[in-house]
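A.B. asks: Please model the complete structure; the sequences and the hints are all you need to start from.
Residues per chain, in single letters:
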Amino acid sequence: METQTKRLEILADKFLKQLESVKKFFQLLADEMFYTAQYLLKRKGTYPGEIGKQFYFMAYKSFPIVCLITFLVGVTISLTSAAQLKLFGADIYLSWFVGIAMIRELVPLMTGVILAGKIGASVTAEISTMKVLEEIDALKTMGIIPEKFLMVPRLIAITLAIPLLVAVADFVGIFGGILVAEFFLGIPPESFIREMLNIVILQDFFIGLAKTMVFGWAIIISSGFKGFSVQRGAEEVGKVTTESVVLSISLIILLDCLFAFILY
Amino acid sequence: MEIIRVCDLSVGYEKSTVLEELNFTILKGEVTIILGKSGCGKSTLLKTLIGLIPPTRGEIFFSGEKIDFHSEVSLQSLYNRIGVLYQNGALLNSLSVYENVALPIRMKHQAFKRENEEQMVYQRLSQVGLRESAGKYPSELSGGMRKRAALARAMVLDPEIIFCDEPSAGLDPITSSGLDDLLMNLKKTLGMTVVVVTHELRSIEKIADRVIVLHEGRMHFSGEYDELFSLKDTFIDTFFLRKGKDDD
Numbered sequence: 001m002e003t004q005t006k007r008l009e010i011l012a013d014k015f016l017k018q019l020e021s022v023k024k025f026f027q028l029l030a031d032e033m034f035y036t037a038q039y040l041l042k043r044k045g046t047y048p049g050e051i052g053k054q055f056y057f058m059a060y061k062s063f064p065i066v067c068l069i070t071f072l073v074g075v076t077i078s079l080t081s082a083a084q085l086k087l088f089g090a091d092i093y094l095s096w097f098v099g100i101a102m103i104r105e106l107v108p109l110m111t112g113v114i115l116a117g118k119i120g121a122s123v124t125a126e127i128s129t130m131k132v133l134e135e136i137d138a139l140k141t142m143g144i145i146p147e148k149f150l151m152v153p154r155l156i157a158i159t160l161a162i163p164l165l166v167a168v169a170d171f172v173g174i175f176g177g178i179l180v181a182e183f184f185l186g187i188p189p190e191s192f193i194r195e196m197l198n199i200v201i202l203q204d205f206f207i208g209l210a211k212t213m214v215f216g217w218a219i220i221i222s223s224g225f226k227g228f229s230v231q232r233g234a235e236e237v238g239k240v241t242t243e244s245v246v247l248s249i250s251l252i253i254l255l256d257c258l259f260a261f262i263l264y
Numbered sequence: 265m266e267i268i269r270v271c272d273l274s275v276g277y278e279k280s281t282v283l284e285e286l287n288f289t290i291l292k293g294e295v296t297i298i299l300g301k302s303g304c305g306k307s308t309l310l311k312t313l314i315g316l317i318p319p320t321r322g323e324i325f326f327s328g329e330k331i332d333f334h335s336e337v338s339l340q341s342l343y344n345r346i347g348v349l350y351q352n353g354a355l356l357n358s359l360s361v362y363e364n365v366a367l368p369i370r371m372k373h374q375a376f377k378r379e380n381e382e383q384m385v386y387q388r389l390s391q392v393g394l395r396e397s398a399g400k401y402p403s404e405l406s407g408g409m410r411k412r413a414a415l416a417r418a419m420v421l422d423p424e425i426i427f428c429d430e431p432s433a434g435l436d437p438i439t440s441s442g443l444d445d446l447l448m449n450l451k452k453t454l455g456m457t458v459v460v461v462t463h464e465l466r467s468i469e470k471i472a473d474r475v476i477v478l479h480e481g482r483m484h485f486s487g488e489y490d491e492l493f494s495l496k497d498t499f500i501d502t503f504f505l506r507k508g509k510d511d512d
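Quick mapping for you: the protein sequence lines, in order, are chains A and B.
With the numbering used here as the guide, the letters of the first sequence map in order to residues 1 to 264.
With the numbering used here as the guide, the letters of the second sequence map in order to residues 265 to 512.
Treat the hints as calculated values from the structure; they're not laboratory data.
Remember, predicted model here, so these are calculated numbers, not experimental data.
Worth double-checking, as some hints may not be accurate.
[Claimed, not checked] EDC-like mimics (lysine to aspartate or glutamate), calculated; alpha carbons at most 20 angstroms apart, straight line:
1. A:Lys148 to B:Glu336
2. B:Lys400 to A:Glu50
3. A:Lys44 to B:Glu363
4. A:Lys140 to B:Glu336
5. A:Lys148 to B:Glu285
6. B:Lys330 to B:Asp272
7. B:Lys470 to B:Asp445
8. A:Lys140 to B:Glu285
9. A:Lys53 to B:Glu363
10. B:Lys279 to A:Glu50
11. A:Lys24 to B:Glu266
12. A:Lys24 to B:Asp445
13. A:Lys14 to B:Glu278
14. A:Lys23 to B:Glu278
15. A:Lys140 to B:Glu266
16. A:Lys140 to B:Glu424
17. A:Lys24 to A:Glu243
18. B:Lys372 to A:Glu50
19. A:Lys44 to B:Glu381
20. A:Lys140 to B:Asp501
21. B:Lys279 to A:Glu243
22. B:Lys451 to B:Glu469
23. A:Lys44 to B:Glu336
24. A:Lys14 to A:Glu243
25. B:Lys372 to A:Glu20
26. B:Lys301 to B:Asp501
27. B:Lys279 to A:Asp137
28. B:Lys330 to B:Glu278
29. B:Lys279 to B:Glu424
30. A:Lys17 to B:Glu278
31. A:Lys6 to B:Glu278
32. A:Lys61 to A:Glu50
[Stated by the list, open to error] Derived contacts from chain B toward chain A, CB cut-off under 8 angstroms, selection only:
33. Tyr343
34. Tyr350
35. Ala354
36. Lys372
[Stated by the list, open to error] Here are a few chain B residues that sit away from chain A, every Cβ distance over 10 angstroms (derived from the structure):
37. Ile267
38. Asn449
39. Thr453
40. Phe493
The beta-carbon is built from N, C-alpha and C at its ideal position, and this holds for glycine as well.
C.D. replies: This is how it looks when you write it as structure tokens:
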């Protein structure tokens, strides 16, 4: 009986800790929304030039990997669906499938996952290392709010970087589909594009963009949340970095599912 | 004249108590050393004094004003009046030495003219002997240089009091002595109050006006440095004797 009570106590403790963690996550989210709005109004609280530096890292440095992955996804999805469509003699509808799937679903999802691995991990590692090296404490005692100083430039930079990344990723992904259509189904690029534009509208691009934007903010908030949560020494940096990537990807999938319910 | 008064201070983490019922004062223009064995709560006390860890009980008064650890305004007012030298310097690695020292100015006084900022930063860098290293990054500096740069950053806005957490840790005796000289100069030339957490006997002998000795989370002694040696106390005798042997 006593053992069972102890087990229940441990379970309750764990549950309460998780609940506290969720509360802290939403507190950070609310704080960041407030700090970002405050920065946009007053232009105070972040280091001059930091947004540009973060934009360079998030946009320019992410272009190659985002292009490569979305191109390969475009090729793969086209090859897989082309084989099925051919069975029904519906080869030309490949352009519909590739256009909608890439723009509305695969580009946002893949871009989100790539950014979670590349940017999310880097943000968590940087913030948690700063915490271990007492740099966060140093910022606080200089009267600087670390959650504003470190996170607002990253949130603004990702907001600026995502439209560029999504536009390029959409283009590259569809280009992969065009190549498959041309070389495996013999559909000329102009026919592919003409057919695709019959079904894909500008609204689809904006839906994909909005989804990626929300994924991007989720990545920055969750990676910041994990970075600031470090309590002990350097050994925890690796642990929270991994946790941050897992949390970001889980959030992306969850949000994507919510979007699917809302949009379809 | 007292600058900090600590009344019945207790500090703890979750279920454990680290510091219990501390009562002491820190006087203006003096160097106060917080002394004790590793794990006795020195750094926790320092973090509480600088507003990073809220006490579980008791109060801290800064120039007569009570610090409210739950009020951002009260903490910001405290942060505007203190400078902190952290154990590893805690310089931001992405910024140069100049930018690190200029950081408090840029963040608190954005309307400051560039010439004024340069003047303030170079003055502090000259005081710590790092004027020539202004363009270097923390990774290019030695441990001692990093601490001197951090000291320049801590004092760039002329705080009323500077807190130093183990300034000699990881430094050779010559560099460590140079840092002590710097702290003494701050006291003499600028009349700054300095609080140092350390267990380096050489530093204590050189710079201490007052000493606070902590033992197992409680205050064992608080008074002038000279009083410490006239005191017959087993713990203090053992502590200093053992440290003396280690130093030899």
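A.B. asks: For every hint, state whether the structure bears it out.
C.D. replies: Quick rundown of the hints versus the structure:
1. In summary, the hint linking lysine 148 of chain A to glutamate 336 of chain B is supported, as the alpha carbons are separated by about 14 angstroms, within the 20 angstroms threshold.
2. Annotation: proposed proximity of lysine 400 of chain B to glutamate 50 of chain A holds, straight-line Cα distance about 19 angstroms (limit 20 angstroms).
3. Restraint check for lysine 44 of chain A and glutamate 363 of chain B: the C-alpha separation of about 17 angstroms stays at or below 20 angstroms, so the hint holds.
4. With a CA separation close to 11 angstroms, the supplied pair lysine 140 of chain A and glutamate 336 of chain B stays within the 20 angstroms bound.
5. Of the supplied pair hints, the one linking lysine 148 of chain A and glutamate 285 of chain B is violated, its CA atoms being roughly 35 angstroms apart against a limit of 20 angstroms.
6. As the CA atoms of lysine 330 of chain B and aspartate 272 of chain B are separated by approximately 13 angstroms, the hinted pair is consistent with the 20 angstroms bound.
7. Under the criterion of a C-alpha separation no larger than 20 angstroms, the hint pairing lysine 470 of chain B with aspartate 445 of chain B is consistent with the structure, at around 8 angstroms.
8. For the given pair, lysine 140 of chain A sits about 26 angstroms from glutamate 285 of chain B by alpha-carbon distance, which is inconsistent with the 20 angstroms threshold.
9. Only pairs whose Cα atoms come within 20 angstroms are accepted, and lysine 53 of chain A paired with glutamate 363 of chain B is accepted, the gap being roughly 15 angstroms.
10. Restraint check: the Cα-Cα separation between lysine 279 of chain B and glutamate 50 of chain A comes to about 40 angstroms, which exceeds 20 angstroms; the hinted pair is violated.
11. Of the supplied pair hints, the one linking lysine 24 of chain A and glutamate 266 of chain B is violated, its CA atoms being roughly 38 angstroms apart against a limit of 20 angstroms.
12. A C-alpha spacing of about 44 angstroms is found between lysine 24 of chain A and aspartate 445 of chain B, which places the hinted pair above 20 angstroms, so the restraint is violated.
13. For the hint linking lysine 14 of chain A to glutamate 278 of chain B, the alpha-carbon distance of about 15 angstroms falls within 20 angstroms, and the restraint holds.
14. For the hint pairing lysine 23 of chain A with glutamate 278 of chain B, the CA-to-CA distance comes to about 18 angstroms; that is within 20 angstroms, so the pair holds.
15. Straight-line distance between C-alpha atoms of lysine 140 of chain A and glutamate 266 of chain B comes to about 25 angstroms, which puts the hinted pair past the 20 angstroms bound.
16. Distance restraint check for lysine 140 of chain A and glutamate 424 of chain B: the Cα-Cα separation of roughly 17 angstroms lies within the 20 angstroms cut-off, and the hinted pair is therefore satisfied.
17. Distance hint between lysine 24 of chain A and glutamate 243 of chain A is fulfilled; the C-alpha atoms sit about 16 angstroms from each other, no more than 20 angstroms.
18. Of the pairs offered as hints, the one joining lysine 372 of chain B and glutamate 50 of chain A holds, with about 16 angstroms between alpha carbons and a cut-off of 20 angstroms not exceeded.
19. At most 20 angstroms may separate the alpha-carbon atoms for a hinted pair to count; lysine 44 of chain A and glutamate 381 of chain B meet this at roughly 17 angstroms.
20. A C-alpha spacing of about 38 angstroms is found between lysine 140 of chain A and aspartate 501 of chain B, which places the hinted pair above 20 angstroms, so the restraint is violated.
21. Note on lysine 279 of chain B and glutamate 243 of chain A: the hinted pairing is violated, with a Cα-Cα distance of about 26 angstroms set against a maximum of 20 angstroms.
22. Annotation: proposed proximity of lysine 451 of chain B to glutamate 469 of chain B holds, straight-line Cα distance about 15 angstroms (limit 20 angstroms).
23. Our distance criterion of 20 angstroms between C-alpha atoms is met by lysine 44 of chain A and glutamate 336 of chain B, whose separation comes to about 17 angstroms.
24. A threshold of 20 angstroms between alpha carbons decides the hint, and for lysine 14 of chain A with glutamate 243 of chain A the separation of about 17 angstroms falls inside it, so the pair holds.
25. For the suggested pair lysine 372 of chain B and glutamate 20 of chain A, the alpha carbons sit about 33 angstroms apart, so the restraint of at most 20 angstroms is broken.
26. In summary, the hint linking lysine 301 of chain B to aspartate 501 of chain B is supported, as the alpha carbons are separated by about 13 angstroms, within the 20 angstroms threshold.
27. In summary, the hint linking lysine 279 of chain B to aspartate 137 of chain A is not supported, as the alpha carbons are separated by about 23 angstroms, beyond the 20 angstroms threshold.
28. Distance restraint check for lysine 330 of chain B and glutamate 278 of chain B: the Cα-Cα separation of roughly 24 angstroms exceeds the 20 angstroms cut-off, and the hinted pair is therefore not satisfied.
29. At roughly 35 angstroms between alpha-carbon atoms, lysine 279 of chain B and glutamate 424 of chain B are farther apart than 20 angstroms, so this suggested pair is violated.
30. Between the alpha carbons of lysine 17 of chain A and glutamate 278 of chain B the distance comes to roughly 13 angstroms, so the proposed pair stays at or under 20 angstroms and holds.
31. Using a Cα cut-off of 20 angstroms, the hinted pair lysine 6 of chain A and glutamate 278 of chain B holds, with the two alpha carbons roughly 19 angstroms apart.
32. Of the supplied pair hints, the one linking lysine 61 of chain A and glutamate 50 of chain A holds, its CA atoms being roughly 16 angstroms apart against a limit of 20 angstroms.
33. Interface restraint check: tyrosine 343 of chain B against chain A, minimum CB-CB distance 4 angstroms, threshold 8 angstroms, status holds.
34. Taking 8 angstroms as the C-beta contact cut-off toward chain A, the hint placing tyrosine 350 of chain B at the interface holds, the least distance being around 5 angstroms.
35. The restraint placing alanine 354 of chain B at the interface with chain A holds, with a minimum CB-CB distance near 4 angstroms, inside the 8 angstroms limit.
36. Annotation: lysine 372 of chain B was flagged as interfacial toward chain A, and the flag holds, the nearest CB pair being 6 angstroms apart, inside 8 angstroms.
37. Non-interface call for isoleucine 267 of chain B relative to chain A: holds, since the shortest CB-CB distance, roughly 16 angstroms, exceeds 10 angstroms.
38. Once the 10 angstroms rule is applied to beta carbons, asparagine 449 of chain B is consistent with being away from chain A; the minimum gap is 22 angstroms.
39. For threonine 453 of chain B, the condition that its CB be more than 10 angstroms from all CB atoms of chain A holds, with the nearest at approximately 23 angstroms.
40. Remark: the non-interface label on phenylalanine 493 of chain B is consistent with the geometry, its nearest Cβ contact in chain A lying 33 angstroms away (cut-off 10 angstroms).
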